Structures are given as C-alpha cells and as structure tokens.
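Residue-level listing of the chains:
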Amino acid sequence: MKLTDFVVPEAILPDLRVESKEEAIRQMVSSLCTNGKIEPDDEEGILSAILKREELGSTGIGNGVAVPHTKHPSVTQLVSTVALVRDGVDFASLDGEPVHILFLLISPPDRPGDHLRGLENISRHLRNPQFCSFLKQAKANSDIVDLLREADDDQLE
Amino acid sequence: MRENRVQGPVTVDLENGLHLVPCSRIAELASRFDCQIRILKGDLEVDAKTILDLMTLEATCGENLVLAASGIDAQEAVYQLTKLFTSGFEVSNGSDVG
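Line by line, the protein sequences are chains A and B. Sequential numbering from -8 applies to the first sequence in my numbering. Sequential numbering from 2 applies to the second sequence in my numbering.
Just chain A, with the same shape it has in the complex (with noise of 0.2 angstroms):
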C-alpha cells in the first residue's frame, strides 16, 4: 500500500488557517467532501465520528503531527487527506506541542487491517524528518502530492 493509493490530492489542504482541533477537522472532512470523495449525507456523521475518536485520547501523536481518524460505513475503501498549518494548532497532544501536519484517515469499518496499513504506511513516512520537514516546506498541492510519490518510491532516504 502507498500513500497515493488513499491520499486524495485534490483534497489535500497545503494552508490551511484554522484556530482550533476542531476547525481543521471539520475543513478536512469538507474538502473530502467537496472532492466528492464522502457524501454531503454523511459529512456530520464522519466528522463527529473523528471528534468522537479525539476523546478517547488525542491523535496529536507528538513532533507537531496529529492522525485524525475513524472507521466508517459509508466509504468502501480507505480515504484520507492532508493538511498543513502553517502557525501550528492546538491538538492537544500528547507533547504538548502544536500540529503543523494532520493526515486525516477515514477506513471501512469491515477491513481493520486496510486500517492498520493505512496508519502503519502513514507513521512510516512521518518518522523519516526529511519527510516531515519537505511536508513543511512545501507551499503547493502539486508540492505535497510530488512528495508523497517520492516517500512512496523510497527516493527519500
């Protein structure tokens, strides 16, 4: 599995200017939505199914990343979509620190292992600090998305 078999990148946000966890959630799962990649119907139930998740421990794993996600019935496979804040949000993570780069996950409930590779393809990249520090760096979509075909190829390390 690769990062751009379930990245989205249309829906990848390269600026994203929000104030709170919340707020960048809710625009990462509208851009999902808009690039009609969820259903208009079900974008209340993922995101409150996402801030659902934050409450049994934030996914603001530390280093200023965060992994925002939730298995849900309405996608077949699994679906996900990056944003980086540039000024950093409060995540309250495990660090204490602020998030600059959110990758948001949604997986099918019925495949917890497309979920576990999803999150283990993900955690694989964002340990490598080239990668997480190109990921800052970089100003455009066509940025991100040329970045995680590199990390995809291993051209990275």
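Keep in mind the hints are simulated off the structure, nothing from the lab. Fair warning: this is a prediction, and the values are worked out from it, not measured in the lab.
One side of the interface only, derived from the structure: several residues of chain B facing chain A at Cβ under 7 angstroms:
#: 1; residue: Ser25
#: 2; residue: Ile52
#: 3; residue: Leu53
Note that CB positions come from ideal geometry on N, CA and C, so glycine has one too.
Here the structure of chain A is known, so what remains is to put chain B in place on it, guided by the hints.
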C-alpha cells in the same frame, strides 16, 4: 551495575490489531521506565516508547511479538507491559475507534 536484559513474548489480543489507542498506551507506559524497550515482530524491531515506531509494526489480532528490555528496571517494564497486553489494553474494540 550489571546490564539487566529481559525478554518476553506477548500476543496481540485485539480485534482491530495494534491501532493508535493501544500504541499510545504502550508508549505511555514504556516511557515511565528508564530502560530501553524494543518490540520485535519477526525481523522488525521498534522503540516501544515511540508511537510512530509502534504503529509501523502493523500488528494484527493474534500476532506474536517479543518485548525486549535492557536497563535497571527491565524486569518491571516487561512485567507491566505484558500485563497491558494480557488485559486487552482496557480499550474498546468498537468499530468507530482506532
């Protein structure tokens, strides 16, 4: 003082595998110890104190892993982490979490 090394097998007994919530619990518990703690899955070896590392294990339900700790409190670390695995992480297996 002599280097204290302790190893022990654990099994992932979670329907949804080792997703983010259990990984966070492992990292949080492991970070309370001074010793180095690694988790092994076949040839793959990761730092038990780092969530991103743990998530790269992609450990599904029924997967066998090995805890390997070295340092002064290694014995207690392996004991406590094994307990976390056998208790089912005290996390929900619900379909909307992960």
